[in-house]
Structure formats: C-alpha cells, structure tokens
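K.L.:
Sequence:
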Amino acid sequence: MKTEVNQPQLLTPPTTWKEKWKHTGPGLVVAATGVGTADLVTSLVIGTSFGLTFVWAVIVGGILKYFLNEGVGRWYLATGKTILDGWHSLGSWATGYFGVYSIIWGVVYGAAATSTLGMAMHAMFPVMPLWAWATPSAVSF
Numbered sequence: 001m002k003t004e005v006n007q008p009q010l011l012t013p014p015t016t017w018k019e020k021w022k023h024t025g026p027g028l029v030v031a032a033t034g035v036g037t038a039d040l041v042t043s044l045v046i047g048t049s050f051g052l053t054f055v056w057a058v059i060v061g062g063i064l065k066y067f068l069n070e071g072v073g074r075w076y077l078a079t080g081k082t083i084l085d086g087w088h089s090l091g092s093w094a095t096g097y098f099g100v101y102s103i104i105w106g107v108v109y110g111a112a113a114t115s116t117l118g119m120a121m122h123a124m125f126p127v128m129p130l131w132a133w134a135t136p137s138a139v140s141f
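If you count the sequence shown from 1, position 11 lands on 11 in the UniProt record's numbering, and the numbers rise without skipping.
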C-alpha cells in the first residue's frame with residue numbers, strides 16, 4: 001500500500017531589498033498599530049508640561065509594552081493557550097484579580113473616551129452642553 005503525503009512547497013527566503021520590504025512592511029504597520037492614540041497624546045501632554053523630565057518614563061513604558069506583548073505572544077505559541085487560560089492555571093484568585101482589574105480599567109477608559117469625545121464635540125459645536133454631547137458618545141461605545 002502506497003501513501004502519498006501532500007506537503008506544501010517551502011518558499012525561498014527573500015534576498016533583495018524589495019522582497020524583504022514586501023515582507024517587513026506589513027509587520028511594521030501592525031507594530032505601529034500597537035501604539036495607541038492614548039500613548040501618543042499622553043506623551044505629548046507630558047512633553048509639553050514637563051519638557052524632557054519624564055522622557056525616561058515614555059521609554060521605559062515602550063520597552064515594558066514590547067516585552068509584555070512579546071511574552072503573551074510567546075506564551076500562546078508555546079502552549080496553545082490564551083493568557084486568560086494562563087491566569088486561570090495560577091488559581092481562581094488570579095482570574096478574579098485580573099477580572100476586577102479589567103472591569104475597572106474598562107470603566108475608566110470608557111469614561112475617559114466618552115468625556116473626551118464630548119469635550120471635542122462641545123468645542124466644535126457649542127450649541128449643546130457638554131453632558132448632551134457625552135451621552136450619545138457613551139451610548140456609541
């Protein structure tokens with residue numbers, strides 16, 4: 001009895017700069033999306049208010065964000081489990097802690113996004129009070 005195995009043909013690695021850029025470009029776009037608007041705005045506000053005093057915090061925050069995201073990705077690739085499964089394997093206390101943390105973070109982030117959108121709309125169109133602009137933005141989130 002003869003069995004044939006269909007294996008996909010391996011691609012050759014890119015050799016020219018054009019081929020390398022074709023593979024690297026989308027990765028850079030994905031990496032750039034990891035830097036959110038809040039990161040940029042916070043960095044700009046801190047820079048405007050304090051100059052270069054807190055530039056170390058921006059650098060340390062970026063480095064921490066990289067290594068934490070890298071660790072979560074490696075965890076998934078190595079185990080096939082999500083980070084939530086990893087927390088649960090530590091015990092129910094870890095899942096509960098991160099669950100409460102996630103809820104608090106979601107409320108704070110939602111309130112900040114809602115008030116920011118409300119303030120922007122009120123500044124552009126001052127025909128309604130701030131709370132009247134913030135309410136539809138809260139419903140839309």
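Hints may contain errors.
Dumping the calculated BS3-like pairs for lysine-lysine here, alpha-carbon to alpha-carbon at most 30 Å [said to hold, decoys possible]:
(1) K65 x K81
(2) K20 x K65
(3) K81 x K18
Taking CB as the label site, the calculated pair distances span [unchecked claim]:
(4) G61 x G96: 25 to 31 Å
(5) V108 x V72: 20 to 26 Å
(6) V72 x A138: 26 to 32 Å
(7) T24 x G61: 23 to 29 Å
(8) S49 x A138: 35 to 41 Å
(9) G51 x Y101: 30 to 36 Å
(10) V108 x L68: 24 to 30 Å
If you're looking for bench data, these hints aren't it; they were derived computationally from the structure.
These figures come from a predicted structure and were not determined experimentally.
Note that the Cβ used here is the ideal one computed from N, Cα and C, for glycine as well.
K.L.:
Which of the stated hints cannot be reconciled with the structure, identified by number in ascending sequence?
P.N.:
Result: hints 3, 8, 10 break, sorted rising.
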